[in-house]
Amino acid sequence: MSIDADGIIRSITEIVAAELGVATDTLVPDTDLRGIEGADSVRLLRVVAKVEQTWDIELEDDEVFGVSSIADLSKVVTAALQVRAA
Amino acid sequence: MTTVEPLPATEETEGARAREQGELPWAVLADYHCFGCSPHNPHGIALQFTEHPEGLATTFRLGRSYESYPGVVHGGLLGVVVDETMGNLIVMRTGRVAFTVSLRLRYLAPVTVGAAFTCVARLGRSRPGEPGTDGPLTSATAEILDADGAPAVTATATYRNVPTTIARPTAQDHPTAKEQ
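For the record, the sequence lines run as chains A and B.
Per the working numbering, the very first residue in the first sequence carries number 3; after that it's consecutive.
Per the working numbering, the very first residue in the second sequence carries number -6; after that it's consecutive.
Here chain B stands alone, though its shape is the one from the complex (with noise of 0.2 angstroms):
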């Protein structure tokens, strides 16, 4: 996932909790600004994020700030659905933060502005030599189902497994951590 950052060593003890009780690690953190899933950036999407008996779901409604054409969900917006619902699956699921290596997606159908979509991630299959989920990569695949479960996108992504001991300072050098 690329839009998160990595959680300050503070907060590791409360943050494997989290991930205990089902919850993403930097659910701990008053003020992180992931445009994906954080309740704290006004610009974001705000995901939340169930259980799934396959993986990890989140059933979103995107108004029209997010529209394409009239009345249609922007395609680069569904790109985040998919990678955050992908990407937070893998962070619950191995405990290290994903980097998103690379990201496809089939569109099937039109999102519809204002519908409720719920978006099912699941973790790939793993084949000698391609990534599983022990390794340092991590692939899942995604779907966008309608109301009626009719698919309306599907997606394929490899993510880079990073411990956050080691993410941190990667996030740490960024120009923009000086600035605050």
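In isolation and in its complexed conformation, chain A is listed as follows (with noise of 0.2 angstroms):
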């Protein structure tokens, strides 16, 4: 199965914008998710919690509180998806 990196970030770029309340271009693949203004813990999750809904996976805690970045967390999907197709 062929995973599509940039339809990864560009997915998980709505879903922090949608969750935090920000615009869509304000984003970039290295933006600090909790430098970004509204973001607070409970939001982080929910986007979490958005991520595993939209691509049906269960990522483990310690990715979840390791990421720091767009990039970072569409990393964790991209091997999350991998593994699954394994």
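Do not take every clue at face value.
To be verified - Quick list of in silico lysine to any residue cross-link-like pairs, SDA-like style, CA-CA up to 20 angstroms:
1. A:Lys52 to B:Arg115
2. A:Lys52 to B:Asp141
3. A:Lys52 to A:Ser13
4. A:Lys52 to B:Arg97
5. A:Lys77 to A:Pro31
6. A:Lys52 to A:Ser71
7. A:Lys77 to A:Ala87
8. A:Lys52 to B:Pro144
9. A:Lys52 to A:Arg86
10. A:Lys52 to B:Leu138
11. A:Lys52 to B:Ala143
12. A:Lys52 to B:Tyr100
13. A:Lys77 to A:Ser4
14. A:Lys52 to B:Ala140
15. A:Lys52 to B:Leu96
16. A:Lys52 to B:Leu98
17. A:Lys52 to B:Ala102
18. A:Lys52 to B:Glu47
19. A:Lys52 to B:Gly142
20. A:Lys52 to A:Phe67
21. A:Lys52 to B:Thr111
22. A:Lys52 to B:Arg99
23. A:Lys77 to A:Glu16
24. A:Lys52 to A:Arg12
25. A:Lys52 to A:Asp63
26. A:Lys77 to A:Asp6
27. A:Lys52 to A:Gln84
28. A:Lys52 to A:Asp64
Unchecked claim - Away from chain B, derived, C-beta distances all over 10 angstroms, residues of chain A:
29. Asp8
30. Ser13
31. Thr15
32. Ala19
33. Ile38
34. Ala41
35. Ser71
36. Ala73
37. Val78
38. Ala81
39. Ala82
Bear in mind the hints are in silico, worked out from the structure with no lab data behind them.
Glycine residues also receive a C-beta, built at the ideal position from the N, C-alpha and C atoms.
Since each chain sits alone in its own frame, please combine them into the complex, following the hints.
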């Protein structure tokens, strides 16, 4: 199964924008999630929950609390999809 | 669902009728004691379910008897809520008893004592080689939402589907059944 890394980053960016109430064009893959205005632990966990629902995956807790950017989150999603496809 | 006893043989026909009308099959029993959904268990939480466009829903308020930190509902009780809602959804869709095989929750925000929350359960997506709704295992997901629709808990679970004709002897063999 091929995994569309750009599509994952695009979708995560949209999820982050929706959950944190910011415009997508203010976000880039390296944006520090905790540095976004309005970001708090609850909202960031809701981002994670939405990501898990979107791709029907379960992320490990150490991955969830270890990511700091959209690119980081994209990497753990990609890894989870690769495990599922294996 | 772990807390519901299988339906006695004499009630099976009535149970099937109840399912067709959107009720749980054991709702016909006068004294079922499911901790999650029975109105007859004084220690239970007596959840009531309604059909939802995407599955099954229940709206609940849990009081201080179910408190963890002050003002916050104990997370274990929320496990009961999601398990009940997913398990009952499967029972109503398949007509089989659903025993919990695995259950995983992600807690996003505190669930406040005394406030109204709604749990919505959906049947899981089925992928080749993974639990669907036509094999011995069924997967489901659930969310607990606050009054504004913001998620406080998400959950995924897998259930083993057991026909009542098979589940019934299992329960009858249970030591507590012989004491009754």
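Cross-check of the supplied hints:
no.	hint	result
1	A:Lys52 to B:Arg115	holds, 15 angstroms
2	A:Lys52 to B:Asp141	holds, 16 angstroms
3	A:Lys52 to A:Ser13	holds, 11 angstroms
4	A:Lys52 to B:Arg97	holds, 15 angstroms
5	A:Lys77 to A:Pro31	holds, 11 angstroms
6	A:Lys52 to A:Ser71	holds, 16 angstroms
7	A:Lys77 to A:Ala87	holds, 15 angstroms
8	A:Lys52 to B:Pro144	holds, 9 angstroms
9	A:Lys52 to A:Arg86	holds, 18 angstroms
10	A:Lys52 to B:Leu138	holds, 13 angstroms
11	A:Lys52 to B:Ala143	holds, 11 angstroms
12	A:Lys52 to B:Tyr100	holds, 13 angstroms
13	A:Lys77 to A:Ser4	holds, 14 angstroms
14	A:Lys52 to B:Ala140	holds, 18 angstroms
15	A:Lys52 to B:Leu96	holds, 18 angstroms
16	A:Lys52 to B:Leu98	holds, 14 angstroms
17	A:Lys52 to B:Ala102	holds, 14 angstroms
18	A:Lys52 to B:Glu47	holds, 17 angstroms
19	A:Lys52 to B:Gly142	holds, 13 angstroms
20	A:Lys52 to A:Phe67	holds, 15 angstroms
21	A:Lys52 to B:Thr111	holds, 18 angstroms
22	A:Lys52 to B:Arg99	holds, 11 angstroms
23	A:Lys77 to A:Glu16	holds, 16 angstroms
24	A:Lys52 to A:Arg12	holds, 14 angstroms
25	A:Lys52 to A:Asp63	holds, 15 angstroms
26	A:Lys77 to A:Asp6	holds, 11 angstroms
27	A:Lys52 to A:Gln84	holds, 19 angstroms
28	A:Lys52 to A:Asp64	holds, 17 angstroms
29	Asp8	holds, 23 angstroms
30	Ser13	holds, 17 angstroms
31	Thr15	holds, 20 angstroms
32	Ala19	holds, 16 angstroms
33	Ile38	holds, 17 angstroms
34	Ala41	holds, 14 angstroms
35	Ser71	holds, 20 angstroms
36	Ala73	holds, 22 angstroms
37	Val78	holds, 14 angstroms
38	Ala81	holds, 18 angstroms
39	Ala82	holds, 13 angstroms
Of the hints listed earlier, there is not a single one the structure fails to meet.
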